[in-house]
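Trainee: These are the residues of each chain, in order.
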Amino acid sequence: MNPSPFLSFRGITKSFPAVLANDCIDLDIYGGEIHALLGENGAGKSTLMKILYGFYRADAGEIIVNGEPVNIRSPKDARRYRIGMVFQDFILIPALTVAENIALFLPDLPFVLDSDSIIKRIEELSERYSLRVNPGAPVWQLSVGERQKVELLKLLLADTKILILDEPTRSLAPHETAGLFQVLANLRRDGYAVTVITHKMKEVLEYADRITVMRRGKIAGTLPVAEATESRLVSLMFGKAVAESPKTRGEATFEEGMLLLELRGVRTQPEGSGMGIKDINLTVRSGEIVGIAGVSGNGQRELGDVVLGMERCQRGKKFIKGEDATHWSVARIRSSGTAFIPEDPLGMAAFPWLSIQENMAMADTSRYARYGGLSMDWGTVRSDLQASLKRLGFTIPPVYVPLGILSGGNIQRMILAREMAHDPRLIVAFYPTRGLDVQSAVAAREVFLNSRDRGAGILFISEDLDELFALSDRLIVMLRGEIVASGKPREFTMQEIGYLMTGSRAEGGQNG
Amino acid sequence: MSDILLISILSGAVLSGTPLLYATLSEMLSERTGVINLGLEGIMLIGAVVGFVTTVKTGNHALGIIAAAFAGALFNMIFAFMVITRKANQLASGLALMFCGVGLSALIGAPFIGSRIEGLGAIAIPLLSDIPFLGRVFFNYDILVYLAIPTAVVIWWFLFKTRWGLSLRAVGENPTAAYAAGKNPYLLQYQVLFIAGLLGGIAGAHLSLALAHTWAEWMTAGRGFFAVALVIFAKWHPLRAIAGALLFGGAISLQLQMQAQGVPVSSFLLDMLPYVLSLVVLALWGGARRSAVPGSLGRVFQGTE
Amino acid sequence: MDKGLGIKGMFRHKWVAAIIRFCGLMGIAMAVFALVLLIFGQNPLRAYADIFKATLGTAYGFSEVLVKMIPLVLTALAVAIPSRIWLINVGGEGQLFIGALFATWGALQFNGLSIWLLLPLISFLGFLGGGLWALISGFLRIKGWASETISTLLMNYVAILLVSFFVFGPWKDPESANYPQSAPFPDAAILPTFFGSRVHLGAVLAIAGLLLFYFVMSRTRWGLEMRAMGINQEGARRTGIPTYRYILLLMFIGGGMAGLAGMGEVSAIHGQLRPSLSPGLGYTGFLISWITMGSPLGIIAAAFLISIITAGGDILQMTHRIPAAAIHILMSLVLFVVLARSTGKRGKR
Chain F
0 MNPSPFLSFR GITKSFPAVL ANDCIDLDIY GGEIHALLGE NGAGKSTLMK ILYGFYRADA
60 GEIIVNGEPV NIRSPKDARR YRIGMVFQDF ILIPALTVAE NIALFLPDLP FVLDSDSIIK
120 RIEELSERYS LRVNPGAPVW QLSVGERQKV ELLKLLLADT KILILDEPTR SLAPHETAGL
180 FQVLANLRRD GYAVTVITHK MKEVLEYADR ITVMRRGKIA GTLPVAEATE SRLVSLMFGK
240 AVAESPKTRG EATFEEGMLL LELRGVRTQP EGSGMGIKDI NLTVRSGEIV GIAGVSGNGQ
300 RELGDVVLGM ERCQRGKKFI KGEDATHWSV ARIRSSGTAF IPEDPLGMAA FPWLSIQENM
360 AMADTSRYAR YGGLSMDWGT VRSDLQASLK RLGFTIPPVY VPLGILSGGN IQRMILAREM
420 AHDPRLIVAF YPTRGLDVQS AVAAREVFLN SRDRGAGILF ISEDLDELFA LSDRLIVMLR
480 GEIVASGKPR EFTMQEIGYL MTGSRAEGGQ NG
Chain C
0 MSDILLISIL SGAVLSGTPL LYATLSEMLS ERTGVINLGL EGIMLIGAVV GFVTTVKTGN
60 HALGIIAAAF AGALFNMIFA FMVITRKANQ LASGLALMFC GVGLSALIGA PFIGSRIEGL
120 GAIAIPLLSD IPFLGRVFFN YDILVYLAIP TAVVIWWFLF KTRWGLSLRA VGENPTAAYA
180 AGKNPYLLQY QVLFIAGLLG GIAGAHLSLA LAHTWAEWMT AGRGFFAVAL VIFAKWHPLR
240 AIAGALLFGG AISLQLQMQA QGVPVSSFLL DMLPYVLSLV VLALWGGARR SAVPGSLGRV
300 FQGTE
Chain V
0 MDKGLGIKGM FRHKWVAAII RFCGLMGIAM AVFALVLLIF GQNPLRAYAD IFKATLGTAY
60 GFSEVLVKMI PLVLTALAVA IPSRIWLINV GGEGQLFIGA LFATWGALQF NGLSIWLLLP
120 LISFLGFLGG GLWALISGFL RIKGWASETI STLLMNYVAI LLVSFFVFGP WKDPESANYP
180 QSAPFPDAAI LPTFFGSRVH LGAVLAIAGL LLFYFVMSRT RWGLEMRAMG INQEGARRTG
240 IPTYRYILLL MFIGGGMAGL AGMGEVSAIH GQLRPSLSPG LGYTGFLISW ITMGSPLGII
300 AAAFLISIIT AGGDILQMTH RIPAAAIHIL MSLVLFVVLA RSTGKRGKR
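Chains as they are written, first to last, in numbering that gives the first Met the number 0: chain F, 0 to 511; chain C, 0 to 304; chain V, 0 to 348.
Bear in mind the hints are in silico, worked out from the structure with no lab data behind them.
Just so it is clear, CB atoms sit at the ideal spot from N, CA and C, and this is done for glycine as well.
Any given hint could turn out to be false.
Unchecked claim - Pair by pair, the computed Cβ-Cβ distance ranges are:
(1) G56/V x A121/C: 54 to 60 Å
(2) R79/F x V153/C: 31 to 37 Å
(3) R72/F x G297/V: 54 to 60 Å
(4) L55/V x D22/F: 56 to 62 Å
(5) Y185/C x R79/F: 15 to 21 Å
Just need the whole structure built from these sequences, with the hints factored in.
Mentor: The following block contains the structure:
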């Protein structure tokens, strides 16, 4: 390992309205090393790296490159110091080709572009680091994993030495993740400084050389991997050891509960870069949690949208509580007792400029309308909201303020309270704990279990296999829009599900 | 149809299509960087009046054209300041710019109403213009006509073959991504809007100097908006814009000829055709899997932080 | 109580600040225009004095300002109503023309009806015409074929040409030698005016439209649903709001408002259909709606201001011999300073 760091942070401080995102951070980054920056969501990892990349400016502190303090005010400055970043949401331009996206990024190209030589350079490099992509393809045709490769190629071709990856494994399949780790190892071999921002503890132990844990805007500790254990990392991440594991639960007792949802041979039209679902047969009964495992983008969103009535069935039928609901509107499906917790509550369910009580009323506007809609019964809205929040054990915020001023976690709680307010029979929940801190995630899981025990049926879509195994009564694996396996959780090992999710091996408990 | 008639329709198409092509290229460049400019009408009016007044005063057409181009570019800088620096809404700012151009050109041009100038001289290309029939149609025009198609080709080359063009397209698709790639979206948009202003000014100058030989209030008569339609018709591609401008120019010219011949077809219904056609084209492409519309068209880049 | 007073005080303070800021902006615009007038050899102080005298100085002048306001309020509503769910209607101009076209058809076709039947009929037809014209764009939008911004813009020209087609062709009044215009309206199709001025019944329609718009948006279930849609369309769909129906409905109502403006102009002001019906009223309405973010009071205030300015154009032409169109410079300057002030971020309305 190099004795002197490529780059150092000294006393970096950055605050946003109401949040101190970085509090006097000191950190060194070395060449030939994979450095993991570990922490919960909101711990300040991304902010720190965005300061380094010139997206944000620090309120105080300095960044030192080669012993000299530097002033990084834009990504352009960052790149001058050979710093490159792969963002969580890739910033590629879908309409342009791979080669164009890469050329856009290269500083040393002549004014007139020579596309042949660019393509040749891309191919050479992709060979060396096993980052295979087709340079002529427009980016919108590529998969998530391929886009990540393009991002890396871009940085490598631009002669970056300090690479930052923000949650790189978030939407990768297990074998793609393994591939990525191999790429990172190759980069380390060639002397690059690799920094990975992540909250996935297990992975960190696999690939990192050194682990820095951040908590609430501060560095909680730095460990070489040899000294790191899961329990040490957990206590650094969360302060005190948190009893985190979800309550393990007994076998389902509602084996023959009422049929709440049934899909028979449902198929949808593939749209844009998404894929349709193909010939899905699925049931959800009262008193069971049906977990859907799969790498995101394999038809889960479409499945949820079909259930909610957002997307039309091209073929097949949908039954809710025994009634043919194939052509029901979203409003009708919701008023029949269906709740929907989307993957991105702020974007897909919340109305930030409306007050909290108005957001609550949006759950079912017809329920609260008076005089045929000429006015609204705000008293009932408030009492329903308070009752629901109390049931969930959440604190009650002031109801007249705009929802948007709440924190992300509180917005998610609000949406949860709204959706669970009228004791739904059928719940479709997408990654409902993603983005929640550990405590809230535990509370949310609790809510689902309680509601199941009261007889609701839950379609639980998640990428987190631990969570799926802990909660589900039945597990279904989706791949490329199809159900490739289904059965009770104990009939599978996690490894098997992982392979099924990625299509590496087609066997498994096939008794759905 | 007689040869004479055909020749006049075809050469009319080329003449009417020329200002359309310059205007379309102007709008297309803007939209390629994500800026929709409804003020093009105003820019063209400024170009038309400044070109005309300069020519009246100096008697020099070349000076008139240059003055028109720079007047258009400077005038467009008002719009650029509004939408880039002040981040104002593009549609509203564009319409305000249009009104400003209408007013300012009326004020500048008022003393010159009724003056006439000699039209921008046609340059017959030696030998080629002597070819029977074709020579008259293709090789006997003013300088701006000859330069129109090369301008489109040059713009195409810049857009698709140079680093600058790539950056510009990237800004139009996703300014945040372009920013992350180390480009300065604001600077690029200013550059492009300046060039778009030059082109808009030239389009106006061609109207007053080569077609009308005079100045009249609001003489562009909606050609600026016509260009917005044409950009859609051309699917944001400079080379397709050539065909589109000729086609739409042809429609104008055909309509004029039919009126002159007393053919009993309403010119108004014919005039609608380009707009309806653009709408149909837009709808057809809009329904396709990926449309050619620049990704961030009409949005305001808020920067980061 | 203390807190209540504090908030009230803050409001008073905010209002004062807003008014001062507005006067400052107006001052900038007027100063720049004064400079332009100076360059062109006019006396700006006299010009402003003349404009003021001729508009606010006399009862007649004031009534003429109100007359000019009527179509502007309606076309501004045509933009403000759909803008609540983020539909950008640039087609007020075309919808106004089609409204006028429909109203003219009704007035000429049913010229035997009594005023009690004919006025409601042509108002309805005007609304219907503008509404249907806008509905085409709404339809293209929900089909995902074309954004309403572009389609309403393109259809403006189609509408104007369509009106030209009728007044130059089938509807041309044989009595009027060469002027392209329709036959004059029967008396029963002329909107009544008030107090001996030209202020016509359209004013009542405009105010009713504004009040209804405000009431529906702030008090009712539909207002809540529309506000929610305006903030998060995807979220609204997922909570079961019939978003497509709202898109069509609001395009229709918005277009209908512009259609009413066209009906008012053709019936009360021109008394017959002419292609020169509107000097960009639809676009001006768009700008009014935009600079006021669609607030009802703001629309009234801005329409009043713009009406004074445009009335000033004719005055300058008469007294200073500069083209009437030159007043567009002042109007655009006002718009520029107001547009430049807001950062283009919406949401806090």
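Trainee: Each hint should be assessed against the structure and marked as holding or not.
Mentor: Here's how the hints hold up against the structure:
For G56/V and A121/C, the Cβ-Cβ distance of about 55 Å falls inside the hinted range of 54 to 60 Å, so the restraint holds. Against the hinted window of 31 to 37 Å, the Cβ-Cβ separation of R79/F and V153/C comes to about 32 Å, which satisfies the hint. Look at R72/F against G297/V: about 38 Å separates their beta carbons, and that is not inside 54 to 60 Å. For L55/V and D22/F, the Cβ-Cβ distance of about 60 Å falls inside the hinted range of 56 to 62 Å, so the restraint holds.
For Y185/C and R79/F, the hinted distance range of 15 to 21 Å is satisfied, since their beta carbons lie about 19 Å from each other.
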